[in-house]
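Okay, here's what each chain looks like letter by letter:
Number of protein chains: 2
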Amino acid sequence: MEKISLPKGTRDFGPEQMAKRQFIIDSIKKVFQRYGFQPLETPAMENLSTLTGKYGDEGDQLLFKILNSGDFLKEANKQNLETGNWKLATGDIAEKGLRYDLTVPFARYVVMNRHEIAFPFKRYQIQPVWRADRPQKGRYREFYQCDADVVGTDSLVCEAEIILMIKDAFKALGVGDYSIKINHRAVLSGLAEILGARENENSLFVAIDKLDKIGEEKVKEELIARGFNTDSLATLFEVLNFKGSVAQKMEMLTKTFANSEKGKKGVNDLSEVFSLLENYGSAFDHVEFDIALARGLSYYTGCIFEVKINNVGIGSVSGGGRYDNLTAVFDAKEKSSGVGISFGIDRIYDAMEELKIFPKETSAASTILITHLDNDGFKYGLKTVQAFRERGIASEIYPDQVKIKKQMEYADRKKIPFVVVIGPEEVQTKNLTLKKMETGNQLKLSFEEIATAIQLHNNKD
Amino acid sequence: MEKISLPKGTRDFGPEQMAKRQFIIDSIKKVFQRYGFQPLETPAMENLSTLTGKYGDEGDQLLFKILNSGDFLKEANKQNLETGNWKLATGDIAEKGLRYDLTVPFARYVVMNRHEIAFPFKRYQIQPVWRADRPQKGRYREFYQCDADVVGTDSLVCEAEIILMIKDAFKALGVGDYSIKINHRAVLSGLAEILGARENENSLFVAIDKLDKIGEEKVKEELIARGFNTDSLATLFEVLNFKGSVAQKMEMLTKTFANSEKGKKGVNDLSEVFSLLENYGSAFDHVEFDIALARGLSYYTGCIFEVKINNVGIGSVSGGGRYDNLTAVFDAKEKSSGVGISFGIDRIYDAMEELKIFPKETSAASTILITHLDNDGFKYGLKTVQAFRERGIASEIYPDQVKIKKQMEYADRKKIPFVVVIGPEEVQTKNLTLKKMETGNQLKLSFEEIATAIQLHNNKD
Numbered sequence: 024m025e026k027i028s029l030p031k032g033t034r035d036f037g038p039e040q041m042a043k044r045q046f047i048i049d050s051i052k053k054v055f056q057r058y059g060f061q062p063l064e065t066p067a068m069e070n071l072s073t074l075t076g077k078y079g080d081e082g083d084q085l086l087f088k089i090l091n092s093g094d095f096l097k098e099a100n101k102q103n104l105e106t107g108n109w110k111l112a113t114g115d116i117a118e119k120g121l122r123y124d125l126t127v128p129f130a131r132y133v134v135m136n137r138h139e140i141a142f143p144f145k146r147y148q149i150q151p152v153w154r155a156d157r158p159q160k161g162r163y164r165e166f167y168q169c170d171a172d173v174v175g176t177d178s179l180v181c182e183a184e185i186i187l188m189i190k191d192a193f194k195a196l197g198v199g200d201y202s203i204k205i206n207h208r209a210v211l212s213g214l215a216e217i218l219g220a221r222e223n224e225n226s227l228f229v230a231i232d233k234l235d236k237i238g239e240e241k242v243k244e245e246l247i248a249r250g251f252n253t254d255s256l257a258t259l260f261e262v263l264n265f266k267g268s269v270a271q272k273m274e275m276l277t278k279t280f281a282n283s284e285k286g287k288k289g290v291n292d293l294s295e296v297f298s299l300l301e302n303y304g305s306a307f308d309h310v311e312f313d314i315a316l317a318r319g320l321s322y323y324t325g326c327i328f329e330v331k332i333n334n335v336g337i338g339s340v341s342g343g344g345r346y347d348n349l350t351a352v353f354d355a356k357e358k359s360s361g362v363g364i365s366f367g368i369d370r371i372y373d374a375m376e377e378l379k380i381f382p383k384e385t386s387a388a389s390t391i392l393i394t395h396l397d398n399d400g401f402k403y404g405l406k407t408v409q410a411f412r413e414r415g416i417a418s419e420i421y422p423d424q425v426k427i428k429k430q431m432e433y434a435d436r437k438k439i440p441f442v443v444v445i446g447p448e449e450v451q452t453k454n455l456t457l458k459k460m461e462t463g464n465q466l467k468l469s470f471e472e473i474a475t476a477i478q479l480h481n482n483k484d
Numbered sequence: 024m025e026k027i028s029l030p031k032g033t034r035d036f037g038p039e040q041m042a043k044r045q046f047i048i049d050s051i052k053k054v055f056q057r058y059g060f061q062p063l064e065t066p067a068m069e070n071l072s073t074l075t076g077k078y079g080d081e082g083d084q085l086l087f088k089i090l091n092s093g094d095f096l097k098e099a100n101k102q103n104l105e106t107g108n109w110k111l112a113t114g115d116i117a118e119k120g121l122r123y124d125l126t127v128p129f130a131r132y133v134v135m136n137r138h139e140i141a142f143p144f145k146r147y148q149i150q151p152v153w154r155a156d157r158p159q160k161g162r163y164r165e166f167y168q169c170d171a172d173v174v175g176t177d178s179l180v181c182e183a184e185i186i187l188m189i190k191d192a193f194k195a196l197g198v199g200d201y202s203i204k205i206n207h208r209a210v211l212s213g214l215a216e217i218l219g220a221r222e223n224e225n226s227l228f229v230a231i232d233k234l235d236k237i238g239e240e241k242v243k244e245e246l247i248a249r250g251f252n253t254d255s256l257a258t259l260f261e262v263l264n265f266k267g268s269v270a271q272k273m274e275m276l277t278k279t280f281a282n283s284e285k286g287k288k289g290v291n292d293l294s295e296v297f298s299l300l301e302n303y304g305s306a307f308d309h310v311e312f313d314i315a316l317a318r319g320l321s322y323y324t325g326c327i328f329e330v331k332i333n334n335v336g337i338g339s340v341s342g343g344g345r346y347d348n349l350t351a352v353f354d355a356k357e358k359s360s361g362v363g364i365s366f367g368i369d370r371i372y373d374a375m376e377e378l379k380i381f382p383k384e385t386s387a388a389s390t391i392l393i394t395h396l397d398n399d400g401f402k403y404g405l406k407t408v409q410a411f412r413e414r415g416i417a418s419e420i421y422p423d424q425v426k427i428k429k430q431m432e433y434a435d436r437k438k439i440p441f442v443v444v445i446g447p448e449e450v451q452t453k454n455l456t457l458k459k460m461e462t463g464n465q466l467k468l469s470f471e472e473i474a475t476a477i478q479l480h481n482n483k484d
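Taken in sequence, the protein lines are chains R and F.
Everything in the first sequence is counted per my numbering, starting at 24 for the first residue and increasing by one.
Everything in the second sequence is counted per my numbering, starting at 24 for the first residue and increasing by one.
Some clues are possibly wrong.
All copies of an identical chain are treated as equivalent in the list; a pair is satisfied when it fits inside any one copy or across any two copies.
Only pairs whose alpha carbons sit at most 30 Å apart, straight line, appear in this in silico BS3-like list of lysine-lysine [what the hints assert, rightly or not]:
no.: 1; residue 1: 110; residue 2: 26
no.: 2; residue 1: 43; residue 2: 160
no.: 3; residue 1: 110; residue 2: 406
no.: 4; residue 1: 241; residue 2: 26
no.: 5; residue 1: 358; residue 2: 243
no.: 6; residue 1: 43; residue 2: 458
no.: 7; residue 1: 190; residue 2: 26
no.: 8; residue 1: 190; residue 2: 97
Please keep in mind that the hints were generated in silico from the structure rather than gathered at the bench.
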């Protein structure tokens with residue numbers, strides 16, 4: 024037998040996993056749609072000119088490149104190949120790469136279609152992305168992203184609605200214990216300003232972003248190495264460690280930012296988002312104002328979000344924020360402010376598995392298997408299976424005339440919840456034997472009784 | 024501005040196209056599920072060793088190959104690169120390729136998971152595939168395939184259910200005028216046998232497959248060039264051109280195949296499929312027994328199917344058949360008979376556009392846009408939009424406080440069917456102004472009246 028395997032870092036999703044993944048994706052998709060977001064899909068392949076330079080040097084290394092088709096050597100610079108200069112050679116033999124995220128393709132789409140799009144443009148996109156990362160637990164080379172963005176308005180309504188969508192999504196998923204952390208980049212810029220580190224704010228963001236992972240002492244060491252002094256750090260951590268209600272934090276920051284325009288802007292925006300949430304009639308449960316939330320990505324400029332499911336050993340499952348210049352990478356003249364949220368399907372899946380909260384009925388199996396004891400039962404079964412399908416009930420008939428034991432084993436292995444048995448008696452009386460696989464209980468019922476009971480059972484879920 | 028474009032042969036799907044594509048995919052998916060098929064997804068990338076040699080030489084050329092990550096030149100044979108031997112060099116620098124169809128990854132999945140799978144295994148798979156074909160009208164380098172296969176049984180129940188699924192799918196899509204052609208490879212093998220061309224049957228299949236495209240005369244020329252004589256051709260075309268009912272064709276073939284075991288097997292199988300269809304209680308409408316149907320792919324061994332939507336300038340929109348050895352390419356010992364059907368999403372889309380039969384309400388737009396005349400109206404709108412969403416109605420509020428004209432233009436451009444206008448009067452009376460965009464009609468209604476009317480309107484569809 025030929026030795027076969029999957030490329031490392033990639034996965035098949037069999038029926039059981041697919042049913043659970045579809046439950047997550049459908050739940051989130053319905054929320055996006057209810058908030059007026061529209062679907063977009065972009066190709067798996069983009070020109071490398073579209074992708075490179077957008078994710079930093081490290082990102083460029085992690086792009087999967089596609090070999091030009093046909094004789095890719097014909098036009099290639101032989102010297103690069105001969106001297107082993109693979110970085111230069113790549114450009115000669117590969118023009119296309121695989122999508123690395125959904126944000127850059129979205130920006131490209133917006134720029135290419137800006138005359139047709141009605142702004143503000145609200146789009147959602149749920150597609151796989153590929154990264155040539157070293158695979159490890161929970162990190163794959165192919166994984167789905169699930170993004171919603173609004174572009175073309177700086178209204179804080181969008182920020183408020185992102186919080187509402189997160190709450191609706193986790194409600195639909197059945198996840199009750201989670202926290203939505205919110206902060207504002209201008210709050211962090213304000214901090215940099217009052218510390219006299221305005222030129223050095225990116226180092227500050229990067230260091231603060233690691234607080235969760237490496238702790239306060241290590242972050243302080245890193246900041247000292249980057250030129251911050253002990254006094255600054257004392258002020259900084261007094262703010263970051265401040266305990267209190269949202270209102271108390273706001274009050275403290277208002278005082279702190281008396282002389283920082285940036286800091287004031289951050290506090291005002293956040294205050295407006297909270298006030299909008301009140302106008303929507305939404306409670307503040309799950310929402311935490313976390314001054315130490317930084318989010319690594321450099322393109323955020325306004326509010327930032329991060330969601331963590333509590334009591335599971337999994338990092339953040341969702342995150343996002345506002346960026347001032349989505350399309351600037353393609354067109355410096357185009358200034359299109361936007362704000363987005365991204366749900367991590369794989370992490371949500373792992374968290375829900377760990378918490379064992381997938382709905383019991385999340386299954387891709389048929390509801391009914393028709394089994395048969397003889398040829399007449401088989402023929403009667405053909406009519407019967409079709410009648411169940413016409414009632415919208417997912418059903419199948421065991422296709423071969425084999426022993427009933429084998430047919431039952433099939434239902435068992437496929438986790439089909441109900442089996443109908445048809446033999447001479449059933450054909451004669453038109454009363455079918457219905458077996459509930461979970462309990463082994465058997466009942467004689469008419470087709471109509473079974474169909475009605477199962478339709479009720481399905482609707483209950 | 025940086026010049027940006029899409030790789031040739033690839034497409035973005037914006038909101039309107041996505042809504043129509045999702046309608047097609049969801050309609051077919053629901054049918055697959057109702058018949059007990061379970062979802063599978065495989066990675067976009069497969070090892071080249073899995074893909075090569077499965078699609079013929081031409082197919083191998085059309086595989087998109089992925090450049091190994093990191094220093095791909097380090098391990099490469101320099102000589103192949105220097106001498107410009109790109110075919111050999113490919114193997115040195117690329118280990119992975121993009122999925123070319125869904126059948127080979129399915130076979131790989133079955134072989135890798137054969138101890139866990141409960142056979143017969145019924146799976147459906149709806150994912151994009153990639154081919155480095157020359158792009159032209161209706162032919163893309165990235166396109167979706169939508170397949171359902173049963174593997175692990177040779178029961179003709181599967182063939183009959185494929186016909187039932189095709190009928191259910193086109194009913195769900197609203198396509199009324201179409202033909203399902205059915206034939207059997209053994210009928211064609213029987214013909215080869217009685218023409219004394221048993222060793223040459225593949226040439227016969229390939230030539231017959233072109234009848235539709237190049238006509239009888241050219242096919243005859245081709246067959247003569249391949250060694251068939253005029254007498255054989257006369258016999259052949261007498262059978263292929265035979266006009267009559269299914270029963271008459273069966274009778275004619277039974278006589279023709281008096282001395283051909285293969286031919287008899289074909290006729291018996293088809294006769295069994297037709298008899299099963301009767302047992303299911305399914306009418307024979309749309310089904311055509313077409314002795315000249317050959318289907319190009321060489322791996323079919325039993326019944327073959329092809330579906331054509333009538334009165335559109337588009338080839339077959341669906342096709343499939345039985346194969347005896349799905350997994351033999353990976354494991355010669357494993358004999359797993361299977362039968363499958365594939366729907367061409369892009370062609371069905373084009374046909375439905377041409378026939379203008381997409382349901383009017385196939386749209387990804389919100390149902391309601393809340394507009395506002397002043398700040399109080401805006402605030403009242405926030406509460407209102409949330410209340411509509413809680414009723415399951417896709418709604419949005421214009422996020423910026425701008426002139427009503429601009430808000431209306433937005434609804435118009437996004438084809439949002441209903442606009443609610445909220446100004447001082449609406450806030451005071453709690454009666455909202457509802458404008459139906461199609462007619463321009465305006466009504467003053469309570470929230471409850473609007474929500475109920477729109478829920479009824481949505482359920483009607």
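Now for the hints, and whether the structure bears them out:
1. Taking identical chains as interchangeable, the C-alpha atoms of residue 110 and residue 26 lie at most 30 Å apart only when they sit on different chains, with a minimum of 23 Å there against 32 Å within one chain.
2. Only within a single protomer do residue 43 and residue 160 lie at most 30 Å apart by alpha-carbon distance; the minimum there is 19 Å, versus 38 Å between protomers.
3. For a Cα distance limit of 30 Å, the shortest separation of residue 110 from residue 406 qualifies neither inside one copy, at 64 Å, nor across copies, at 55 Å.
4. For a Cα distance limit of 30 Å, the shortest separation of residue 241 from residue 26 qualifies neither inside one copy, at 47 Å, nor across copies, at 44 Å.
5. Within a single copy, residue 358 and residue 243 get their C-alpha atoms no closer than 36 Å, and across copies no closer than 65 Å, so neither meets the 30 Å cut-off.
6. For a Cα distance limit of 30 Å, the shortest separation of residue 43 from residue 458 inside one copy, 26 Å, qualifies, whereas the shortest one across copies, 40 Å, does not.
7. Taking the shortest Cα distances, residue 190 and residue 26 never come within 30 Å of each other, neither inside one copy (47 Å) nor across copies (40 Å).
8. Neither within a single protomer nor between protomers do residue 190 and residue 97 lie at most 30 Å apart by alpha-carbon distance, with minima of 55 Å and 50 Å respectively.
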